[in-house]
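Peer 1: Same order as they appear, the protein sequences are chains A and B. Numbering-wise, my numbering puts 95 at position 95 of the first sequence, and it's gapless, one number per residue. Numbering-wise, my numbering puts 125 at position 125 of the second sequence, and it's gapless, one number per residue.
Possibly wrong hints are sitting among the right ones.
Calculated pairs, DSS-like style, for lysine-lysine (alpha carbon to alpha carbon, straight line, at most 27 Å) [to be verified]:
{"no.": "1", "chain 1": "B", "residue 1": "Lys190", "chain 2": "B", "residue 2": "Lys161"}
{"no.": "2", "chain 1": "A", "residue 1": "Lys90", "chain 2": "B", "residue 2": "Lys161"}
{"no.": "3", "chain 1": "B", "residue 1": "Lys153", "chain 2": "A", "residue 2": "Lys49"}
{"no.": "4", "chain 1": "B", "residue 1": "Lys153", "chain 2": "A", "residue 2": "Lys90"}
{"no.": "5", "chain 1": "B", "residue 1": "Lys78", "chain 2": "B", "residue 2": "Lys161"}
It is worth saying that the hints were derived from the structure and are not from the lab.
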Amino acid sequence: MKASSTGKSLQITNYLLLAFAFVFASLVYQPAFAQGPTPTDDEVNAIAKQLYCPVCENTPLDVCPTEACRQWRELIRTQLSEGRTEAEIKQYFVDNYGARVLAEPPRTGLNWLVYLLPPAIILVGAYILFRALRAWTKPVVASAGSGESEAKPVAPQDDYVARLEEELKKRK
Amino acid sequence: MTETTNTAPESRATSAGKRGVPAWVQIIVWGLLIALLAIVFVGLRRAQQGTVQPGDKIPDFTLPLFSGYEYEGRSEVKLSDFRGKVVVLNFWASWCKPCEQEAAELQEAWQFYEPDGKVVFLGADYVDTEPEARVYLKKFGITFANGPDMGTKISQMFRIKGVPETYFIDQNGVLQYVKVGPFSSVDEIKSIIDGLLK
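The following block holds chain B by itself, in its conformation from the complex (with noise of 0.2 Å):
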């Protein structure tokens, strides 16, 4: 009887402990913590990823062109037509300065190529406004396509960490190099273009 007696109290905390929070309620605590993990681990990988990685396969996308700076008549390109040339992507803006250090150089070597029709070189304009980007593309006299990354799909895709940046994808839709930063001379876009032309 008097054993009875003692232990109810602790009986009494033991059930309360494991009455303490239901069980649903526990499912839906670590669910939330597991998802805002895996959330967090998600975002750090991409963080960490760095751009899209030489011999990555880029998938296809589309780049609407400013007008006056078409491709062959066309108002927007998609990666996928030019199969069997290499594409040179530039990504850009007018209110890059390290830009403005290899403009020219670009413009330059597009003309290099462009009588041969085996390489394509594309402006992608990152996060700028129309006006400015006519007035750089008119200041440096550029003649390649060039259009808006709208909604900066294409720029999210590569996942580029700033401009100017410059992607060399092959004839397969491959892609084979990435310049970080400005080119120092028309010699070193030609070198890697040619690396690509072989």
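Same shape as in the complex, but just chain A (with noise of 0.2 Å):
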């Protein structure tokens, strides 16, 4: 009877011994977890600036003051926290919400016209402006210049000009 109940306390020990040791195990594993790193606001919002909520138009994720928008800096915070890269969180939201969220729009298809059609339109008119203010300046030379002598000096540089010239003096 005796050596029923030592054997009876000795079990009860070691049952309170494990469950000592697994609260111990999973205090000391918990904080393993809450030590991880939390995405600050920066982070967060370094991502964000890249991204416009199609609710709020032209403003931008990181400075809009809606709850949508708050949500999803959550959720970009939460993203972070799961260890995804900013190219994935990028893409989770365009996936989610179509490519008008990405304030730079992917170089694809017809968005390439947002790339090349404003610089060619620079292009075109620095050239249409010159080719302008070259016609504009080349008649003010000529009409200057009542004799021949004074023309000379735009006369080489214009074919036309010097085939005027010689054909005049053939003339003489």
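Two chains, two separate frames, one set of hints: put the complex together.
Peer 2: Okay, here's the thing in structure tokens:
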């Protein structure tokens, strides 16, 4: 009877020790979880500023005050803490809300127009301006000179003038 | 001789004017200008169009559904699956306060029509995050099929202006009624549906 009682108390002690070990292990393990890096606002906003919520047009996500945008920022924070990269997070937003959430449209299809058109227009504009300036300045130089000698400095630069001068000389 | 000399500068000026901008540059510039105007015109027209109008045939679309909010065990549904039924498509979001005003009414109306199987309620969650959406659905005890409007494709197709907006599509896939803003009562929802079931 006594031996049986001692065996039982030993068993209870074992269980208690096991429970204690389990609680201790879980206590030790939990802080390790909590110590994981929590993304700062700056880290969240670094991605958020590259995104636009479709609800709040023309307001970048990092400064948008609406509830929808706050939720999006929290989602970015969660995904960052899960270890997702910036590219992965942006792709998640594109998949869920469409490419229009991106501040910079992806360089595909018709989106290329956004990147090519403005520089093309500037180049064409500059060319037109250059031509126009040339056209405006030339007649002034030509009309200012009444004699042959005064028109000479311009003549070598212009084939047409050179030919004209040659024709005139021949007629003389 | 004198005449020739006098007219030379004029002819040069005229020639320079003619040669000012080459034809190909002019064509490109005019082409770009026309394209730009066309884009602006299409954009303005789209903006002024408003939502899709009653009488419009609604193109088919696919709505993926949240786990726990499937339709008869299906994880995604197509509009074409519901030919012969009235479809009530509700756009909502968890961050939308006016949506909360009608959430309970929509659920009540769904419970009223569910047994007959002649009406389907679909919730399209617009620009939302799933955790918040789930909290919202649980809060209002919503049980009808609900899912995210992935890529905002469906809302763009309907050209919604905000949430909540509800579209009533008849048995042939034709839009019959658009409700912009929250419903004021269950009776309002029922009166629209009953009109379509007649």
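Peer 1: All hints are to be evaluated individually against the structure, with a verdict given for each.
Peer 2: Consistency of the hints with the structure:
At most 27 Å may separate the alpha-carbon atoms for a hinted pair to count; lysine 190 of chain B and lysine 161 of chain B meet this at roughly 24 Å. Our distance criterion of 27 Å between C-alpha atoms is met by lysine 90 of chain A and lysine 161 of chain B, whose separation comes to about 25 Å. A threshold of 27 Å between alpha carbons decides the hint, and for lysine 153 of chain B with lysine 49 of chain A the separation of about 23 Å falls inside it, so the pair holds. For the hint pairing lysine 153 of chain B with lysine 90 of chain A, the CA-to-CA distance comes to about 18 Å; that is within 27 Å, so the pair holds.
Under the criterion of a C-alpha separation no larger than 27 Å, the hint pairing lysine 78 of chain B with lysine 161 of chain B is consistent with the structure, at around 23 Å.
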